[in-house]
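S.K.: Spelled out from the first residue to the last, the chains are:
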Amino acid sequence: MKKIHILGIIIIAVAIGAILTTLNSTSTYASFSEAEQSPDNEFHVVGKLNRDKEMVYDPKLDANIFTFYMKDNAGMEKKVILHKNKPQDFERSEQIVLIGKVNGEVFEASDILMKCPSKYNDGKPQAAK
Amino acid sequence: MEYVGEHLVIGQIGNLFVILSFVFALLASISYFFAARDNQDSLSWKNIGRWSFRLHGLSVFGIVTTLFIMLFNHYFEYEYVWHHSNKAMPMRYILSCFWEGQEGSFLLWTFWHVVLGFILQVKAKEWEAPVMSVISLVQAFLASMLLGIFIFGNHRIGSNPFTVLLREHPDWANIPLFQNPDYVSKIDGNGLNPLLQNYWMTIHPPTLFLGFALTVVPFAYAIAGLWKRKYTEWLKPALPWTFVGVAILGIGILMGGAWAYEALSFGGFWAWDPVENASLVPWLTLVGAAHLMLINKNKGQSLFTAFALSILTFVLILYSTFLTRSGILGETSVHAFTDLGMSGQLLIYLLFFLVLGIILLIVNYKKMPSSSEEESIYSREFWMFVGAIILLVSSFQIMFYTSIPVWNKLFGLKMAPSKDIINFYNSWQLPFAFLVTMLVAIGQYFKFKNTDPKEFIKKITFSFIVAVVLTGLFAYILNYKNFLYILLMFSAIFAAVANFNYITHALGGKIRKAGASVAHIGFALILLGALISTSKKDVISQNTSGKDLANLGEKISNRDNILLTEGDTLPMGNYFVTFKGRRQEGINVHFDVDYFTKTNNTYTKEFTLSPLFQINPRMGNVPEPDTRHFMTFDIYTHVTYALIESPKASMEKSNDEYTAAKNVTMKTGDTVFSSNAIIILDSLSTNFDKTKYNIGNEDIAVMAHFRVLDIIKKYQANPIFVIHENSIQPIASKVDELGLQFMFWKINPEDGKIEISVQEKKSNIKDFIVMQAMIFPYINILWMGCIIMALGTFMAILERIRKTKN
Numbered sequence: 001m002k003k004i005h006i007l008g009i010i011i012i013a014v015a016i017g018a019i020l021t022t023l024n025s026t027s028t029y030a031s032f033s034e035a036e037q038s039p040d041n042e043f044h045v046v047g048k049l050n051r052d053k054e055m056v057y058d059p060k061l062d063a064n065i066f067t068f069y070m071k072d073n074a075g076m077e078k079k080v081i082l083h084k085n086k087p088q089d090f091e092r093s094e095q096i097v098l099i100g101k102v103n104g105e106v107f108e109a110s111d112i113l114m115k116c117p118s119k120y121n122d123g124k125p126q127a128a129k
Numbered sequence: 130m131e132y133v134g135e136h137l138v139i140g141q142i143g144n145l146f147v148i149l150s151f152v153f154a155l156l157a158s159i160s161y162f163f164a165a166r167d168n169q170d171s172l173s174w175k176n177i178g179r180w181s182f183r184l185h186g187l188s189v190f191g192i193v194t195t196l197f198i199m200l201f202n203h204y205f206e207y208e209y210v211w212h213h214s215n216k217a218m219p220m221r222y223i224l225s226c227f228w229e230g231q232e233g234s235f236l237l238w239t240f241w242h243v244v245l246g247f248i249l250q251v252k253a254k255e256w257e258a259p260v261m262s263v264i265s266l267v268q269a270f271l272a273s274m275l276l277g278i279f280i281f282g283n284h285r286i287g288s289n290p291f292t293v294l295l296r297e298h299p300d301w302a303n304i305p306l307f308q309n310p311d312y313v314s315k316i317d318g319n320g321l322n323p324l325l326q327n328y329w330m331t332i333h334p335p336t337l338f339l340g341f342a343l344t345v346v347p348f349a350y351a352i353a354g355l356w357k358r359k360y361t362e363w364l365k366p367a368l369p370w371t372f373v374g375v376a377i378l379g380i381g382i383l384m385g386g387a388w389a390y391e392a393l394s395f396g397g398f399w400a401w402d403p404v405e406n407a408s409l410v411p412w413l414t415l416v417g418a419a420h421l422m423l424i425n426k427n428k429g430q431s432l433f434t435a436f437a438l439s440i441l442t443f444v445l446i447l448y449s450t451f452l453t454r455s456g457i458l459g460e461t462s463v464h465a466f467t468d469l470g471m472s473g474q475l476l477i478y479l480l481f482f483l484v485l486g487i488i489l490l491i492v493n494y495k496k497m498p499s500s501s502e503e504e505s506i507y508s509r510e511f512w513m514f515v516g517a518i519i520l521l522v523s524s525f526q527i528m529f530y531t532s533i534p535v536w537n538k539l540f541g542l543k544m545a546p547s548k549d550i551i552n553f554y555n556s557w558q559l560p561f562a563f564l565v566t567m568l569v570a571i572g573q574y575f576k577f578k579n580t581d582p583k584e585f586i587k588k589i590t591f592s593f594i595v596a597v598v599l600t601g602l603f604a605y606i607l608n609y610k611n612f613l614y615i616l617l618m619f620s621a622i623f624a625a626v627a628n629f630n631y632i633t634h635a636l637g638g639k640i641r642k643a644g645a646s647v648a649h650i651g652f653a654l655i656l657l658g659a660l661i662s663t664s665k666k667d668v669i670s671q672n673t674s675g676k677d678l679a680n681l682g683e684k685i686s687n688r689d690n691i692l693l694t695e696g697d698t699l700p701m702g703n704y705f706v707t708f709k710g711r712r713q714e715g716i717n718v719h720f721d722v723d724y725f726t727k728t729n730n731t732y733t734k735e736f737t738l739s740p741l742f743q744i745n746p747r748m749g750n751v752p753e754p755d756t757r758h759f760m761t762f763d764i765y766t767h768v769t770y771a772l773i774e775s776p777k778a779s780m781e782k783s784n785d786e787y788t789a790a791k792n793v794t795m796k797t798g799d800t801v802f803s804s805n806a807i808i809i810l811d812s813l814s815t816n817f818d819k820t821k822y823n824i825g826n827e828d829i830a831v832m833a834h835f836r837v838l839d840i841i842k843k844y845q846a847n848p849i850f851v852i853h854e855n856s857i858q859p860i861a862s863k864v865d866e867l868g869l870q871f872m873f874w875k876i877n878p879e880d881g882k883i884e885i886s887v888q889e890k891k892s893n894i895k896d897f898i899v900m901q902a903m904i905f906p907y908i909n910i911l912w913m914g915c916i917i918m919a920l921g922t923f924m925a926i927l928e929r930i931r932k933t934k935n
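Each protein sequence line maps, in turn, to chains A and B. My numbering numbers the first residue of the first sequence as 1 and each following residue consecutively. My numbering numbers the first residue of the second sequence as 130 and each following residue consecutively.
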């Protein structure tokens, strides 16, 4: 057997390893109800902020706790405790992706991604001031 | 309605250039194709090709100029100008506006191809026809991305930068602004994304796109080599171009890292974001291709791989473009472009060049010269080949994971990238980096063909020992425990030392020949700097306000933010910090934070950092970090949360009013906080002089004794809970010096807990920020490495060009 063949086998092994670990170290996009069913696993939940319910951020008490309510894409609403600062311009978010777990009645999020439509899309034309 | 004042002529001129650029690129490709096919020097086809490409190039310059004129003169009646600029924006960002949108960035890419094409027309000599045929074909595809015409009913080809706003959005005609026939004099643009209003954004995209564009040269040469069956001859002319690509693309990627570090707020220079990966992966394969081309220049031992990697690199550039422009990355990336409906078109181009490459490779596979004898493992070419393969596997791992959204779409899956994405990539890429740097260290000590093992060991031992000693020293100083980190640190130091040693000994200090070694030293330093600064990154903004209540602590809680109230001084890392206040400069609100050191109870001010918010009511407010650079470390800070309006602005008038009451349930010994004091409930008593408070003898009355402490003094507050004839009539207690008022509302006899309310005077409210601060140690090694690598690569290119001439 040539050295080149040994090398080839190693490469294929590593590539398969890369694929397998990739498949293992992904999270899943889910709804709140799916996340409720397996509270031990971490999920990505996509949804929208409920602007009518209260948002609590009191940095004087704890700069790393922010609570709000989010409705997921299936329409289910849950209270969310985000263990981070309140993202700036949070109210403007169009879509939210939460990363975390369900803990009883609340969703404990360790991270958040926001899509603010305004940054890449836009509003309607305006007159100059 | 008839509108007046629209500048329609310039758009028509621009459109004409768009069509001409497409037609001439196609014509150039076809003519060059025939010129290359007829092996005789068929001058007529070649001349048509030449002139067509020149006219194509001039048309592209025409498009660029037209678009600039429109941006410069604020012709907001055009969608692109309206979308990406406005009147308030400083003119120095006009370049950023130009390439903010997809059309502009395609234009930038096309522009560089034209520049390269013009050079190749002069320099490529006998390769001109086949190479330019390929490049012209690429150009025809790219030019079609700007066409914006409809075929087969409603399939739009390309997106045109000269679209008039109201033709693109006919429904907007109802907006009041457009009821005015002279709307042009009133309209303002949407404006430039505040993230791009940064000097890095004026130099990073053109550099990166030049890097992208340069990959077309080895691709075109490889295709030409396969087509003309000149399997080894293409390597020599393509080599300098490939290394220029390595240098420019590398610089472009690192500039992106510098921009992220300086202007974005994710806390670092590299986040394995899909957009970053999409540019890194072609660079890795290009480096692999360049090294394979080096070993095959003289002998054809791994020719097939050299061809494959050169072609793959360009296809990966197209794939990157597809990933970032098709909107497929969606939630997984912060800065992907939105979909302009061109993803199908991009996919067709990608597949076209991929299939073309594969077919040519298969057809020519058997005919390529190959040597049957095996390479010795003591030969340089063997290890260079191994290195290129490692780079390829490393790229594969990055690309496979980055493509998760593509797999989701193809197979209907719901995978989401891991939350700890940085660690996931690092755990894969660290071993690859270790292997590659080890090869970088030993590679040059092998000779081509064969090396005497004893001689090799003799030469490398010195560098090896020096590297072991240095690694031990650094690992001790930095307190490294992670074995993998120590290994990578060793290999990087080994690579730097061995290459330095190679320059001084093997090359006898001949600087002219040292390009490769210098570039390798730079590469090793980049990895070393990246390793130390990220693995030893220290978030110093832990919550030290003294208000960190342990009972709120959660396992997954992210405690990286510190609350700074105006005027207060808090310890942070080795410093004491004071938030001095906010300061508005134009659209930027700066938050000035002073840093002090303390020696023998005296505070010395060291420096001020002013992270800021760029206020942009239309697109969202954007934080920008501020970093203090030292020789051995950086302090990087950014504001994660602040009130956009200063809270003071609203309360000037009503200084004496109290804020809404804060209700607290507590028992004896408990502590609560106001914005300016610590409040401790010491005791409850019923035995006090009731007449003083006009409390009747039948009334039930309980007094609470609070200790109220601020930094300087101790105060008392004694609110009283009174039940008078079955109704609660509490008596308030005030601490006027601190602007606090206490009320005692309720007693729970069962557990002894009481309910009180605390109110503060509005004048107590201070401005505050929530901030993150982190230390990046030895990050300067990284930047130094970047400069050295670029320098070394250019030295190697100059030497190669010099050799080619001789």
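Some hints here could point you the wrong way.
Stated by the list, open to error - Straight-line distance between alpha carbons at most 27 Å, and here's what the computed DSS-like set of lysine-lysine pairs gives: (1) B/LYS538 x A/LYS84; (2) B/LYS216 x A/LYS3; (3) B/LYS495 x A/LYS3; (4) B/LYS359 x A/LYS60; (5) A/LYS78 x B/LYS543; (6) A/LYS3 x B/LYS576; (7) A/LYS71 x B/LYS875; (8) A/LYS79 x B/LYS543; (9) B/LYS576 x A/LYS48; (10) A/LYS3 x B/LYS791; (11) A/LYS115 x B/LYS538; (12) A/LYS101 x B/LYS548; (13) A/LYS60 x B/LYS882; (14) B/LYS538 x A/LYS3; (15) B/LYS791 x A/LYS84.
Claimed, not checked - Chain A residues, not near chain B, derived (Cβ > 10 Å throughout): (16) ASP40; (17) TYR69; (18) ALA74.
Hints in this document: simulated from the structure, not taken from any laboratory. C-beta atoms are modelled at their ideal positions from N, C-alpha and C, and glycine is treated no differently.
S.K.: So if I understand the rule, the pair passes when the alpha-carbon distance is 27 Å or less; does A/LYS101 with B/LYS548 pass?
M.R.: Judged against 27 Å, a Cα distance of about 12 Å means the pair holds.
S.K.: Tell me if the straight-line CA distance from B/LYS216 to A/LYS3 falls inside 27 Å.
M.R.: violated, 65 Å
S.K.: Can you confirm whether the C-alpha distance between A/LYS79 and B/LYS543 stays at or below 27 Å?
M.R.: holds, 24 Å
S.K.: For the pair supplied as a hint, A/LYS3 and B/LYS791, is the alpha-carbon distance within the 27 Å limit?
M.R.: This hinted pair is violated, its Cα atoms lying about 75 Å apart.
S.K.: For the pair supplied as a hint, B/LYS495 and A/LYS3, confirm whether the alpha-carbon distance does not exceed 27 Å.
M.R.: Answer holds: B/LYS495 to A/LYS3 is near 21 Å, not above 27 Å.
S.K.: Check whether the Cα positions of A/LYS78 and B/LYS543 lie no farther apart than 27 Å.
M.R.: Satisfied, since the Cα-Cα distance of roughly 21 Å is no more than 27 Å.
S.K.: Is B/LYS791 close enough to A/LYS84, meaning Cα to Cα at most 27 Å?
M.R.: This hinted pair holds, its Cα atoms lying about 23 Å apart.
S.K.: Taking the closest pair, is the beta carbon of A/ASP40 still more than 10 Å from chain B?
M.R.: Given a closest Cβ separation of 13 Å, the condition holds.
S.K.: Are the Cα atoms of B/LYS576 and A/LYS48 separated by 27 Å or less?
M.R.: violated, 63 Å
S.K.: Decide if the proposed pair is consistent with the structure: B/LYS359 and A/LYS60, CA atoms, cutoff 27 Å inclusive.
M.R.: violated, 72 Å
S.K.: Quick one, are A/LYS60 and B/LYS882 close enough, alpha carbons at most 27 Å?
M.R.: Distance ~24 Å between A/LYS60 and B/LYS882 Cα, so the pair holds.
S.K.: A/ALA74: least C-beta distance to chain B exceeds 10 Å?
M.R.: holds, 13 Å
When held up to the earlier numbered hints, the structure conflicts with 1, 2, 4, 7, 9, 10, 14 and fits the remainder.
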